[in-house]
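Since the structure of chain G is already known, use the hints to place chain V on it.
Protein sequences, first through last, are from chains G and V.
Just so we're aligned, residue 1 is where the first sequence starts under the UniProt record's numbering, counting upward by one.
Just so we're aligned, residue 1 is where the second sequence starts under the UniProt record's numbering, counting upward by one.
One or more of the hints may lead you astray.
Where chains are identical, the list cannot tell them apart; a pair therefore holds if satisfied intra-copy or between any two copies.
Heads up, simulated DSSO-like pairs for lysine-lysine below, C-alpha to C-alpha not over 27 Å straight-line [said to hold, decoys possible]:
| hint | residue 1 | residue 2 |
| --- | --- | --- |
| 1 | K401 | K284 |
| 2 | K151 | K215 |
| 3 | K510 | K580 |
| 4 | K510 | K401 |
| 5 | K343 | K461 |
Derived from the structure by calculation, the hints contain no laboratory data.
Here the structure is a predicted model, which means the values were calculated and not measured.
Here are the chains, one letter per residue:
Number of protein chains: 2
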Amino acid sequence: MRSSYCGLVNETFDGQIVTLMGWAHRRRDHGGVIFIDLRDREGVVQVVCDPDRPEMFKTAEGVRGEFCLKVVGKVRQRMAGTENANLASGRVEVLCHDLEVLNPSVTPPFQLDDDNLSETVRLTHRVLDLRRPQMQKNLMLRYRVAMEVRKFLDANGFVDIETPMLTKSTPEGARDYLVPSRVHDGQFFALPQSPQLFKQLLMVAGFDRYYQITKCFRDEDLRADRQPEFTQIDIETSFLTEEEIRAMFEGMIRSVFRNAMGVELPVYPVMPYSEAMFKYGSDKPDLRVKLEFTELTDVMKDVDFKVFSGPATTPGGRVVALRVPGGAEISRGEIDAYTEFVKIYGAKGLAWIKVNDVAKGRDGLQSPIVKNLHDAAIGEILARTGACNGDLLFFGADKSKVVNDAIGALRLKVGHSEFGKKNGLFEDKWAPLWVVDFPMFEYDEGEDRWNACHHPFTSPKDGHEQLMATDPGACVAKAYDMVLNGWELGGGSIRIHRADVQSKVFEALKISEEDQRIKFGFLLDALQYGAPPHGGLAFGLDRLITLMTKAESIRDVIAFPKTQRAQCLLTGAPSNVDEKQLRELHIRLRNAQPAAS
Amino acid sequence: MRSSYCGLVNETFDGQIVTLMGWAHRRRDHGGVIFIDLRDREGVVQVVCDPDRPEMFKTAEGVRGEFCLKVVGKVRQRMAGTENANLASGRVEVLCHDLEVLNPSVTPPFQLDDDNLSETVRLTHRVLDLRRPQMQKNLMLRYRVAMEVRKFLDANGFVDIETPMLTKSTPEGARDYLVPSRVHDGQFFALPQSPQLFKQLLMVAGFDRYYQITKCFRDEDLRADRQPEFTQIDIETSFLTEEEIRAMFEGMIRSVFRNAMGVELPVYPVMPYSEAMFKYGSDKPDLRVKLEFTELTDVMKDVDFKVFSGPATTPGGRVVALRVPGGAEISRGEIDAYTEFVKIYGAKGLAWIKVNDVAKGRDGLQSPIVKNLHDAAIGEILARTGACNGDLLFFGADKSKVVNDAIGALRLKVGHSEFGKKNGLFEDKWAPLWVVDFPMFEYDEGEDRWNACHHPFTSPKDGHEQLMATDPGACVAKAYDMVLNGWELGGGSIRIHRADVQSKVFEALKISEEDQRIKFGFLLDALQYGAPPHGGLAFGLDRLITLMTKAESIRDVIAFPKTQRAQCLLTGAPSNVDEKQLRELHIRLRNAQPAAS
Numbered sequence: 001m002r003s004s005y006c007g008l009v010n011e012t013f014d015g016q017i018v019t020l021m022g023w024a025h026r027r028r029d030h031g032g033v034i035f036i037d038l039r040d041r042e043g044v045v046q047v048v049c050d051p052d053r054p055e056m057f058k059t060a061e062g063v064r065g066e067f068c069l070k071v072v073g074k075v076r077q078r079m080a081g082t083e084n085a086n087l088a089s090g091r092v093e094v095l096c097h098d099l100e101v102l103n104p105s106v107t108p109p110f111q112l113d114d115d116n117l118s119e120t121v122r123l124t125h126r127v128l129d130l131r132r133p134q135m136q137k138n139l140m141l142r143y144r145v146a147m148e149v150r151k152f153l154d155a156n157g158f159v160d161i162e163t164p165m166l167t168k169s170t171p172e173g174a175r176d177y178l179v180p181s182r183v184h185d186g187q188f189f190a191l192p193q194s195p196q197l198f199k200q201l202l203m204v205a206g207f208d209r210y211y212q213i214t215k216c217f218r219d220e221d222l223r224a225d226r227q228p229e230f231t232q233i234d235i236e237t238s239f240l241t242e243e244e245i246r247a248m249f250e251g252m253i254r255s256v257f258r259n260a261m262g263v264e265l266p267v268y269p270v271m272p273y274s275e276a277m278f279k280y281g282s283d284k285p286d287l288r289v290k291l292e293f294t295e296l297t298d299v300m301k302d303v304d305f306k307v308f309s310g311p312a313t314t315p316g317g318r319v320v321a322l323r324v325p326g327g328a329e330i331s332r333g334e335i336d337a338y339t340e341f342v343k344i345y346g347a348k349g350l351a352w353i354k355v356n357d358v359a360k361g362r363d364g365l366q367s368p369i370v371k372n373l374h375d376a377a378i379g380e381i382l383a384r385t386g387a388c389n390g391d392l393l394f395f396g397a398d399k400s401k402v403v404n405d406a407i408g409a410l411r412l413k414v415g416h417s418e419f420g421k422k423n424g425l426f427e428d429k430w431a432p433l434w435v436v437d438f439p440m441f442e443y444d445e446g447e448d449r450w451n452a453c454h455h456p457f458t459s460p461k462d463g464h465e466q467l468m469a470t471d472p473g474a475c476v477a478k479a480y481d482m483v484l485n486g487w488e489l490g491g492g493s494i495r496i497h498r499a500d501v502q503s504k505v506f507e508a509l510k511i512s513e514e515d516q517r518i519k520f521g522f523l524l525d526a527l528q529y530g531a532p533p534h535g536g537l538a539f540g541l542d543r544l545i546t547l548m549t550k551a552e553s554i555r556d557v558i559a560f561p562k563t564q565r566a567q568c569l570l571t572g573a574p575s576n577v578d579e580k581q582l583r584e585l586h587i588r589l590r591n592a593q594p595a596a597s
Numbered sequence: 001m002r003s004s005y006c007g008l009v010n011e012t013f014d015g016q017i018v019t020l021m022g023w024a025h026r027r028r029d030h031g032g033v034i035f036i037d038l039r040d041r042e043g044v045v046q047v048v049c050d051p052d053r054p055e056m057f058k059t060a061e062g063v064r065g066e067f068c069l070k071v072v073g074k075v076r077q078r079m080a081g082t083e084n085a086n087l088a089s090g091r092v093e094v095l096c097h098d099l100e101v102l103n104p105s106v107t108p109p110f111q112l113d114d115d116n117l118s119e120t121v122r123l124t125h126r127v128l129d130l131r132r133p134q135m136q137k138n139l140m141l142r143y144r145v146a147m148e149v150r151k152f153l154d155a156n157g158f159v160d161i162e163t164p165m166l167t168k169s170t171p172e173g174a175r176d177y178l179v180p181s182r183v184h185d186g187q188f189f190a191l192p193q194s195p196q197l198f199k200q201l202l203m204v205a206g207f208d209r210y211y212q213i214t215k216c217f218r219d220e221d222l223r224a225d226r227q228p229e230f231t232q233i234d235i236e237t238s239f240l241t242e243e244e245i246r247a248m249f250e251g252m253i254r255s256v257f258r259n260a261m262g263v264e265l266p267v268y269p270v271m272p273y274s275e276a277m278f279k280y281g282s283d284k285p286d287l288r289v290k291l292e293f294t295e296l297t298d299v300m301k302d303v304d305f306k307v308f309s310g311p312a313t314t315p316g317g318r319v320v321a322l323r324v325p326g327g328a329e330i331s332r333g334e335i336d337a338y339t340e341f342v343k344i345y346g347a348k349g350l351a352w353i354k355v356n357d358v359a360k361g362r363d364g365l366q367s368p369i370v371k372n373l374h375d376a377a378i379g380e381i382l383a384r385t386g387a388c389n390g391d392l393l394f395f396g397a398d399k400s401k402v403v404n405d406a407i408g409a410l411r412l413k414v415g416h417s418e419f420g421k422k423n424g425l426f427e428d429k430w431a432p433l434w435v436v437d438f439p440m441f442e443y444d445e446g447e448d449r450w451n452a453c454h455h456p457f458t459s460p461k462d463g464h465e466q467l468m469a470t471d472p473g474a475c476v477a478k479a480y481d482m483v484l485n486g487w488e489l490g491g492g493s494i495r496i497h498r499a500d501v502q503s504k505v506f507e508a509l510k511i512s513e514e515d516q517r518i519k520f521g522f523l524l525d526a527l528q529y530g531a532p533p534h535g536g537l538a539f540g541l542d543r544l545i546t547l548m549t550k551a552e553s554i555r556d557v558i559a560f561p562k563t564q565r566a567q568c569l570l571t572g573a574p575s576n577v578d579e580k581q582l583r584e585l586h587i588r589l590r591n592a593q594p595a596a597s
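This is chain G alone, in the form it adopts within the complex:
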């Protein structure tokens, strides 16, 4: 048994005999002496193999990279001038008395400190990739965070209760992963997209405070930050108000950052959804970027410039400016690049004005569009944006969604650019907030129906119950999202605890009574038996850790992730299976010869 982890050996061990287990991170000969950097999960320590112990030295000569070793030796101070300030163990070394090769290694396919590996190589050789100190740190932090979450919830009376992985398919929301039943011919389980219904049932059952850190599944085409299976910190409580829930879980995330990272988060601003969309065009604004929209829709109704007046006079249209302080130094080439960028979000172009001299009014502006705007409009633009000499104004004018998406993305792009950082438009800090008062419903034009913004079990604000039937678009929900640095960390809502209100939501969503019975009958049934007022939220653990570690990809905080083609390159999953297995499950392949994938 080891006496210490390698990475923890420091000057307090001076003079002690230690037993270490680890891997040969580097090995080098220097002046007839062999130096081995011995690595374990806690870090590296330098082991010195001196030729005056011939047997041990002979073993050391055979050591190559990634050999698994046992070292017994004496800790001593390094010679002056040879300390390594980058290592916790950098002031000491271990003079090796005894060296045992526990297992040799063939030559690894890559150097562990090579930072330019393709993701394919890394995921194919994931076991070696996981030996890299950064991956070890990421997964150790992930564990620390999960444990801090558990400690906080335990101290607050929350109980971890497991909900089923093999459950019922409800073709709402995302696509389910299905699991054919062997016992029940023609029937299928689904893997849970979230334990939403079960956690509500546990509240009805009286468990009062529930949590689970659990896998959820969505069979969707993968974006950079999505995985087929992802981990959710899932929480529900009875008898608390929205404000009490928010306060508690703001406290939880604050305690996690404090205890796992030594970071003190600020108090969260609370921002209504409408304000977030108004100022930032986003329901998850990155408050590190100090740029805001200026509303101009009303100003542009009567200008002789269709690009602005069109959206300004069309219901659902919006015109905004984004003032970029000091942006006049941005080159035409960069503006052209931003113009291409906003097209990704559906914008047709990107109007702009450089403000050279505010005092001169129209004549102090440089822009292809100024000639199309009357004096009153120009005056209002300058006044509302508070433009100063040397600023650049960008404009968005289109359907609200396009303006919000395009200028919202532009806001981030400019803020995070070198220019933005240099000019103080971006503050490198932790910027959390709550976004609240989400709409209950959003209109799906394609389907000509209202959909639930959050999910159909979300409670309307007190007094908004009637709006569900009369004006669904005006109905506000008791829903809340926690946002950090422009990422949605988590979200939740107060749930509906009365069967009659739940039925009204289903009516607004045009879910037939039969469908209600089939899909949610057990929930409606449970609500009849004195269901308590309850609510909760869920956090994406993968995303939280990605943020905390500043990892480039969510795949860097998951031990064995899938690729964006939903494959595990290490094990080769998914794979073909035996015909016998399919027969037992009462299914067959549609395509006898599976298409190459």
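Leaving out everything else, chain V in the frame of chain G:
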């Protein structure tokens, strides 16, 4: 927000105003006053509604069972003579000032205190069933145990690392649950039967100490104590010996019993597999039962009684006696019942001898078989069993497996019987032990091949490597099971950490090199890169909690279990799915009209 849980209100609250949330457990009128037993997850408190507050009293009159209520009131001592010693709150009551119905309830389909409900009713109305105090206690204890496990492992440097749920099908061992891939036509994921390979890979990756409390899946026909999905406490460590691992996890289970239940477990005896089979015919002996086998195979070789001499002279046969002290009082009828019982395990009958007077030898015995045994055999039976006057001797003679199964089961049956308990053959205590030195392989006669007893990654004992090729049946593994009261709580092994040894095991198991590559290539590959010596074990959490709560069924310690037909009666899973879903997954049903299930 509540000021206390109902069940925690006691005499220390005397005189305080409390706010409680809970359910109307019982309501009764008595002398013009309404008494409501208000229940939450911590227990029950008596609420007194007095008519001198008319508005509140009117509300109280409308309260029915399972209404969800908010009560504000003043705690006071109960009147002398009306205390309830069964309740933590039984010396006090709450004089209700304010009563609010948070949600009414329709009449529940059963009384919560009805102990004679069918399992079908309970699982169909699981939400109400979970309100029963016993179910609340079971799941709260389950949580407490899981948390104690986490605390212990955290303190010992173990790190919770999540392994994939969507993984590769390896048609070894039990049947996999399959998940069709949408992206890869004709291919399937499998749900993990255990994270075995991944935890070994994490050791190779250098994480040193891993754990996970995670769901595992086996699509097998269900026995009483099996579920399609079950929860495993899965653990692996590098650089520890078998003895060190056993000591650590004996400590873990001891700490769990101490901290979650206040039970101090004894030090575990360590028993080789061979001894367990020799004495108890079982590799998970229930040491609470004070009965042991007496080996008689050698004695019976030359008796003139084929029933005994046949097995005694056949390789793989066994003859044993089970001495039951005081068993002479067991009636012929009971003996006949035991005879039927052992037939379940393949025994053809059950020979027996009642010992009336040892001193008289053959003449002091009452038995249908004594006439067939010569004097030397009878002398040896009496000497070896240590039979006393009033004892009963049972005999098993057959293939070893049949004898072990049948007489092993008989040993438990007699020990746990009323007779056994009355006569001190059963001691009501916690009786843990380690069973060690399991064989590496067991012979499958049907398939004419050796199978791995534990799993094919188990290390042979030092010095037994060569036996894998020359005498697989004699090869002993570094495998160990933790047994408690006759249940296997968990088990594990030291794993093979060298690729060459792993290959030899696959050879002994006659797994072709091609199959090795396809199924375990990634493990063999990983072992080449300096894999550390490692080992671990896994505990069945469901089973552990079932034992701790003395629940009748594993389903009583799982919030939403499946029936023995692998169905969820609450949600109706599994269920039919849309044709569109099947099409997207490139599969179709074999039977257009699913058979009724």
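Problem - Violations among the numbered hints - result: Structure breaks hint 5 only.
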